[in-house]
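A.B. asks: Quick note, the sequences are listed as chains A and B, same order.
Residues in the first sequence are numbered from 105 upward in steps of one, following my numbering.
Residues in the second sequence are numbered from 2 upward in steps of one, following my numbering.
Take these hints with a grain of salt, some might be off.
As the list claims (entries may be wrong) - Distance ranges between label pairs, derived from CB positions: (1) B:Glu-67 - A:Ser-205: 53 to 59 Å; (2) A:Glu-197 - B:Ala-60: 36 to 42 Å; (3) A:Lys-296 - B:Asp-14: 29 to 35 Å; (4) B:Ala-25 - A:Gly-143: 24 to 30 Å.
What the hints assert, rightly or not - A few chain B residues that face chain A, going by a derived Cβ cut-off under 7 Å, partial list only: (5) Ser-12; (6) Val-13; (7) Thr-17; (8) Asp-32; (9) Leu-33; (10) Ala-47; (11) Ile-54; (12) Ile-65; (13) Leu-69.
Calculated directly from the structure, the hints in this document are not laboratory data.
Virtual Cβ for every residue (Gly too), placed ideally from N, Cα, C.
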Amino acid sequence: MDSINNAKEIISSYNRTDGKKLRIMEVCGTHTHEIFRLGIRKLLPESVELISGPGCPVCVTPVGFIDEAVMLALDKGATVCTFGDLIRVPGTEQSLAGARSKGAKLKTVYSPLDAVTYAEERPEEQVVFLAVGFETTTPSACLAVKKAKAANLKNFSVLGANKTMPNAYKALKNSADAFLYPGHVNAITGTKLCEDMTKQGVSGVVAGFTAAELLTALAVTIELSQKGEPFFRNCYTRVVKPEGNPAALKLMDKVMTPCDSEWRGLGVIPMSGMVLKDEYADFDARKKFGLPKITGKPNPACRCGDVLQGKCKPCDCKVFGKGCTPMHPIGACMVSNEGACSAYYQYGLEG
Amino acid sequence: MCVGLSAKVVSVDDDTAVIDAGGAKRKVSADLIEDLEPGDYVMVHAGVAIAKITSDDAAETDEIMEGLN
Ligand code: SF4
Numbered sequence: 105m106d107s108i109n110n111a112k113e114i115i116s117s118y119n120r121t122d123g124k125k126l127r128i129m130e131v132c133g134t135h136t137h138e139i140f141r142l143g144i145r146k147l148l149p150e151s152v153e154l155i156s157g158p159g160c161p162v163c164v165t166p167v168g169f170i171d172e173a174v175m176l177a178l179d180k181g182a183t184v185c186t187f188g189d190l191i192r193v194p195g196t197e198q199s200l201a202g203a204r205s206k207g208a209k210l211k212t213v214y215s216p217l218d219a220v221t222y223a224e225e226r227p228e229e230q231v232v233f234l235a236v237g238f239e240t241t242t243p244s245a246c247l248a249v250k251k252a253k254a255a256n257l258k259n260f261s262v263l264g265a266n267k268t269m270p271n272a273y274k275a276l277k278n279s280a281d282a283f284l285y286p287g288h289v290n291a292i293t294g295t296k297l298c299e300d301m302t303k304q305g306v307s308g309v310v311a312g313f314t315a316a317e318l319l320t321a322l323a324v325t326i327e328l329s330q331k332g333e334p335f336f337r338n339c340y341t342r343v344v345k346p347e348g349n350p351a352a353l354k355l356m357d358k359v360m361t362p363c364d365s366e367w368r369g370l371g372v373i374p375m376s377g378m379v380l381k382d383e384y385a386d387f388d389a390r391k392k393f394g395l396p397k398i399t400g401k402p403n404p405a406c407r408c409g410d411v412l413q414g415k416c417k418p419c420d421c422k423v424f425g426k427g428c429t430p431m432h433p434i435g436a437c438m439v440s441n442e443g444a445c446s447a448y449y450q451y452g453l454e455g
Numbered sequence: 002m003c004v005g006l007s008a009k010v011v012s013v014d015d016d017t018a019v020i021d022a023g024g025a026k027r028k029v030s031a032d033l034i035e036d037l038e039p040g041d042y043v044m045v046h047a048g049v050a051i052a053k054i055t056s057d058d059a060a061e062t063d064e065i066m067e068g069l070n
């Protein structure tokens, strides 16, 4: 308990006289939500600014991906299996929920492996799993593909938008003074990469998700930032090991290979995505259904792109809380439970 | 979708584990963790156990804060 009080004390007594703020980016959307929910924002002094970063996979998935999924469901007659958060994300013309009202068949799953089971049970349906997510989720999609191949399933494929963090950190390194690294990404990848980033002047700490862990991570960030050197510290040691999860890394390496990837708001970041290797091409929905290249058009009012880079706060968006609410989302950041706009809306924060 | 679930392993059968998360039991994949045993705590994500948990958050916090001094 003492250590938590100590952490709180470090946070609340931080003060700067140079008029600048210590800008800390919560890379992970779950961090954003937990920090709000636990009331940690109220402890923060004036000199600390939290910025919500790009770590919600639903939020950074571009509009064109939704359009592809809608096309698979409506034009190709596939059954689309997806994590629930994606269903209400607006596409160029419609969301998957909109497609469902026109007859598209959707199935919400908790795990990609459930989509494989669903396909096994319904050989008459073509089942497509929407694989979004970072290093935390990608191994489960790889596992699903591996199992589908082993079972010689002909009616299962994935529409992939898997992303990897390293190059996003690099693209965003000037957006913040330090990153709160997403604990569950590091549970897979380990800590070497983040440690190495200190050599490029990028600071950060790996954070867990409980009140104790988040307070500790913030206190450590504040303390180390005052030493004037780039720093790294793992503050989620009970889950994140330096080597990560070797079995998961090996599996990803076997099934997928890096590719360029488009991030909503950040554009195409080189080698920041993962795509199925050629030997798994039969399970790539784009190839299987011969999808054309689709460029989606986001709603011009939506500032998700700026929100995701910490360039503006959700409440700086003209339609925040007016045209755009969780019931009627205009952008992805308002839909997902981990989105910054939804956090600001849900916790009633103006600024 | 990224929220992890911490849970206790009740039983392990080949590549599947039954976990107990606050009284609710469910089956998850144990493919990605070697030597999983009943009684272990794991972090589960999208139906897959992704890491073993080695202590509780209070012990972790104490250690990290002490390391700061
Ligand atoms: S409030 Fe809505 S429209 Fe504005 S940036 Fe957020 S999601 Fe986009």
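A.B. asks: Evaluate each hint against the coordinates.
C.D. replies: Checked hints:
no.	hint	in the structure
1	B:Glu-67 - A:Ser-205: 53 to 59 Å	holds, 57 Å
2	A:Glu-197 - B:Ala-60: 36 to 42 Å	violated, 52 Å
3	A:Lys-296 - B:Asp-14: 29 to 35 Å	holds, 34 Å
4	B:Ala-25 - A:Gly-143: 24 to 30 Å	holds, 27 Å
5	Ser-12	violated, 18 Å
6	Val-13	violated, 15 Å
7	Thr-17	violated, 10 Å
8	Asp-32	holds, 6 Å
9	Leu-33	holds, 5 Å
10	Ala-47	holds, 4 Å
11	Ile-54	holds, 5 Å
12	Ile-65	holds, 5 Å
13	Leu-69	holds, 6 Å
The structure fails hints 2, 5, 6 and 7 (numbered hints given earlier, in ascending order).
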